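A.B. asks: Just so it is clear: in the sequence shown, position 38 is 38 by full-length UniProt numbering, and no numbers are missing.
Hints were generated in silico from the structure; no laboratory data involved.
You may find that some hints are simply not true.
To be verified - Here are the computed distance ranges between Cβ atoms for each label pair: (1) M117 x M17: 17 to 23 Å; (2) F7 x M117: 17 to 23 Å; (3) F71 x S116: 31 to 37 Å; (4) T58 x E19: 40 to 46 Å; (5) S26 x N52: 37 to 43 Å; (6) N102 x L43: 21 to 27 Å; (7) E91 x K15: 19 to 25 Å.
To be verified - Pairs of lysine-lysine, DSSO-like flavour, derived with a Cα cap of 30 Å: (8) K63 x K75; (9) K63 x K48; (10) K75 x K15.
Since the structure is predicted, the reported quantities are computational estimates derived from the model, not experimental observations.
Here a beta-carbon is modelled for each residue, glycine too, at the ideal position from N, C-alpha and C.
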Amino acid sequence: GKDPKPFPPPMRICKEMVEGMGGNSSPGYQSFKSKCCQAYKILRRHAKLIINLLYLMTDSGIKDLCADPQFAILKVEQKFQALMDDEQAEEHFLKLIDESVNALFPAVMEQFHKISMAMK
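Start from the sequences and build out the full structure, keeping to the hints where you can.
C.D. replies: Written out as structure tokens, the structure is:
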């Protein structure tokens with residue numbers, strides 16, 4: 001779907017979530033990243049089925065899918081990184097996790113949001 005915020009991170013995971021798992025080098029966070037990669041590889045194996053199901057849903061009335069089905073499906077295809085092997089895709093996915101955790105703009109936006117809520 002479309003993200004209403006400018007410059008969204010690749011995925012919604014912040015430093016506070018990582019801290020809740022025990023920190024960057026904790027077994028909890030390492031397990032989280034491992035499970036994320038396992039799930040991503042399983043989804044990649046079924047990418048053609050998922051893409052075909054999305055094509056079948058283009059007349060479903062789902063706003064973000066029906067507005068521009070070709071664009072929406074292309075974005076999903078790009079997320080699967082079909083041209084990469086599993087090892088490359090896992091490295092890419094781990095990089096996305098790291099980028100998301102270290103993203104500066106969402107943290108700045110969150111602080112602005114807290115300030116604006118406090119002023120109400």
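A.B. asks: All the hints need checking, so say for each whether the structure fits it.
C.D. replies: Results of checking the hints against the structure:
no. : hint                   : in the structure
1   : M117 x M17: 17 to 23 Å : holds, 20 Å
2   : F7 x M117: 17 to 23 Å  : holds, 21 Å
3   : F71 x S116: 31 to 37 Å : holds, 32 Å
4   : T58 x E19: 40 to 46 Å  : holds, 41 Å
5   : S26 x N52: 37 to 43 Å  : holds, 39 Å
6   : N102 x L43: 21 to 27 Å : holds, 24 Å
7   : E91 x K15: 19 to 25 Å  : holds, 22 Å
8   : K63 x K75              : holds, 15 Å
9   : K63 x K48              : holds, 22 Å
10  : K75 x K15              : holds, 26 Å
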